[in-house]
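Undergrad: The lines below spell out each chain.
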Amino acid sequence: MVTELILEVSRWAIPTVLFFIPLYGYLRGVPVYETFVAGAEDGFKVAVKIIPFLVGMLVAIGVFRASGAMDLFARALNPVLHLVGVPGEVLPLAIMRPLSGGGALGIAAELIGSYGPDSFIGRLASVMQGSTDTTFYVLTVYFGSVGVRRYRYALALGLLADMSSLIAAIFICRLMFG
Amino acid sequence: MVNIIWLLMLLAGIFVAGYNGRIEVVTAASLEAAQTAVTLAFELIGLMAMWLGLLKIAEEAGLVGLLARLLRPFTRYLFPEIPRDHPAIGSIIMNLSANILGLGNAATPFGLKAMQELQTLNPRPQEATPAMCTFLGLNTGCLTIIPATIIGIRAAANSTDPTVIVGPTILATGFSMITVVVADHFFRRIYNGRRG
Chain A
1 MVTELILEVS
11 RWAIPTVLFF
21 IPLYGYLRGV
31 PVYETFVAGA
41 EDGFKVAVKI
51 IPFLVGMLVA
61 IGVFRASGAM
71 DLFARALNPV
81 LHLVGVPGEV
91 LPLAIMRPLS
101 GGGALGIAAE
111 LIGSYGPDSF
121 IGRLASVMQG
131 STDTTFYVLT
141 VYFGSVGVRR
151 YRYALALGLL
161 ADMSSLIAAI
171 FICRLMFG
Chain B
1 MVNIIWLLML
11 LAGIFVAGYN
21 GRIEVVTAAS
31 LEAAQTAVTL
41 AFELIGLMAM
51 WLGLLKIAEE
61 AGLVGLLARL
71 LRPFTRYLFP
81 EIPRDHPAIG
91 SIIMNLSANI
101 LGLGNAATPF
111 GLKAMQELQT
121 LNPRPQEATP
131 AMCTFLGLNT
141 GCLTIIPATI
151 IGIRAAANST
161 DPTVIVGPTI
171 LATGFSMITV
181 VVADHFFRRI
191 YNGRRG
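Chains as they are written, first to last, in my numbering: chain A, 1 to 178; chain B, 1 to 196.
Pulled out of the complex, with its shape left as it was, chain B reads as follows (with noise of 0.2 angstroms):
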């Protein structure tokens, strides 16, 4: 599915420009993006550094384990192949809880942990597992009860209310949330069955 996609996207936007006669658009776009996508790499470095240190002293206090066992109950029903204790749990509840609470540039290093953590649990190393696919479901569908992003922007626009976007977002996304906790069940018995 990804391979049309990506395949759509790119002859689609160079077609239409051609169309348009505006074949430069294409060159200057494809090399602009090339660089911004190293841009925010090497921007990440720093990020990531910083939030699997701190990560890295969380773990060694047996914080994160602790927040793992508070919310067991929910863990082994989502993601019943990962082993208890697997430290792969502690990473994907950071990330899940830095997503809830809108803390976009932490959500990342813990996300990317949480994937080298379950990478190590995989059969198939070129291939997606199950529990990869519930987090990453998980993670884009997340519950979020501050958007302060949005709120920011809000607010610097002169809103008289900025936050009163915050119910309807906490349902957006609690909905979501459950949408994707059904979807992925039915997913699972589809590919599983696939399996044989």
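So that you can see chain A by itself, here it is in the shape it has in the complex (with noise of 0.2 angstroms):
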């Protein structure tokens, strides 16, 4: 029941953003197409001032995955976090979340399929998905799009947001499921 009205109301979200904007914009005598387009027209200039800040930090990444070398990590972090209570099988999870949208929800996809969506580890790692974000996308992509290069202290920000919704899914999910 729940289940359904969530996914109907995320179903009906942007048409629902695409229906009541423009009218509402016509009813108070904006011009709504012109209008649209001249807003538009920015998105190219944006999207192609990012290419070289995607690239840097993609091709980092894609190494620092493909080779192995995540997983090494992941390993070498495995003692201290199960000290916590983190159990081994997310962690993985934890380390892309921050890196890579798409891989991230690739490892929770797979954690999901194989532990059951209902197990322990599926709902932990649903939660981890849902409530952290891919930082150093958005740090690259925000910042690149104006120019920026000393990012000063929000990486640290930035981090320790996914840490701190890191640990409280873990905490939650314990008390909750666990």
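Source of the hints: derived by calculation from the structure; they are not laboratory data. Glycine included, each C-beta is placed from N, C-alpha and C at the ideal position. Hints should not be assumed to be uniformly reliable.
[Claimed, not checked] The following label-pair restraints were derived from C-beta to C-beta distances:
#, chain 1, residue 1, chain 2, residue 2, range
1, A, Gly116, B, Arg72, 42 to 48 angstroms
2, A, His82, B, Glu32, 29 to 35 angstroms
3, A, Ile14, B, Glu32, 29 to 35 angstroms
4, B, Asp85, A, Gly116, 48 to 54 angstroms
5, B, Val38, A, Arg28, 38 to 44 angstroms
6, A, Arg174, B, Ala28, 23 to 29 angstroms
7, A, Ala156, B, Asp85, 41 to 47 angstroms
Build the complex from these two chains, which are given one at a time in their own frames, with help from the hints.
TA: Structure follows, in structure tokens:
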């Protein structure tokens, strides 16, 4: 019941926005089509501008992942995280999450598939995937688009955000599903 | 920090691949990643154009301004250095709303627009401003109430209860959002002190 409701809400979200914003604009006397086109113009410039930053970040992440260095890193961290109650199975997901959205989604889907969506691991992986963000991608693309090179404390803050939602996810899942 | 992480990922990857006698993996992965980056950027062109077009309509119609006025108490506290009624506020609100509702593909265009607006207030264009750091922190640690993608995956895997994870996700993301707000407060102090 709840599942259907939520899936239905997300199915309707974008059509609803597409319906109401232009309608409201028209009622307020905005020349809707011309305004849309004027706003859309910027899309191309921004997308092209972020290419070098995306290439730089994705190449490093791709090499780190494909070479097996990431798995090695996960295995090295395993004993430490085991102490705080993190199951080793979800560790690759935790490491992949800030680096690559698609890669993390793949790992999460794989964990859900092999342990079952209603297992503890399956649920924990779901909450982790749903509650953290692709910090490196976001920083690369957002700062790249305006030419900012020095990130100051933004990376530390972003990683702290990921870390805190990760810890909260584990704690809450243990409490509710453990 | 980003320089060191970037270098370490690259060098560690090449070293491990070489040590395991699979150095050719590095060649394939790097070339493929470079092409993926361009594909991603090109996919973004259409999305950016569509959402920025809609955003412009919403701005002209006064919708964004209305939202910005409603949320002013929060934005004044989080972004004290952004002038009242600056367009950056509207774009930031649109980005965070999209994140909260789990509309990932709408969040990026609004976020990039917000960065452009914030850049107009930046006295040192190559360096991140405190407002940018706060915004990116909130963006990555954002409250999520509809994690739609993962619910879809769980439903596809025949879960008996795909949405059981919604409550924990709201709690975990709420916690990280609070952490970001608190940590941002301290980072701002430390960095402003250093600036002196």
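Undergrad: Decide, hint by hint, whether the structure agrees.
TA: Going through the hints against the structure:
{"no.": "1", "hint": "A/Gly116 - B/Arg72: 42 to 48 angstroms", "in the structure": "holds (47 angstroms)"}
{"no.": "2", "hint": "A/His82 - B/Glu32: 29 to 35 angstroms", "in the structure": "holds (34 angstroms)"}
{"no.": "3", "hint": "A/Ile14 - B/Glu32: 29 to 35 angstroms", "in the structure": "holds (31 angstroms)"}
{"no.": "4", "hint": "B/Asp85 - A/Gly116: 48 to 54 angstroms", "in the structure": "holds (52 angstroms)"}
{"no.": "5", "hint": "B/Val38 - A/Arg28: 38 to 44 angstroms", "in the structure": "holds (39 angstroms)"}
{"no.": "6", "hint": "A/Arg174 - B/Ala28: 23 to 29 angstroms", "in the structure": "violated (40 angstroms)"}
{"no.": "7", "hint": "A/Ala156 - B/Asp85: 41 to 47 angstroms", "in the structure": "violated (31 angstroms)"}
Hints 6, 7 from the earlier list are contradicted by this structure; the remaining hints agree with it.
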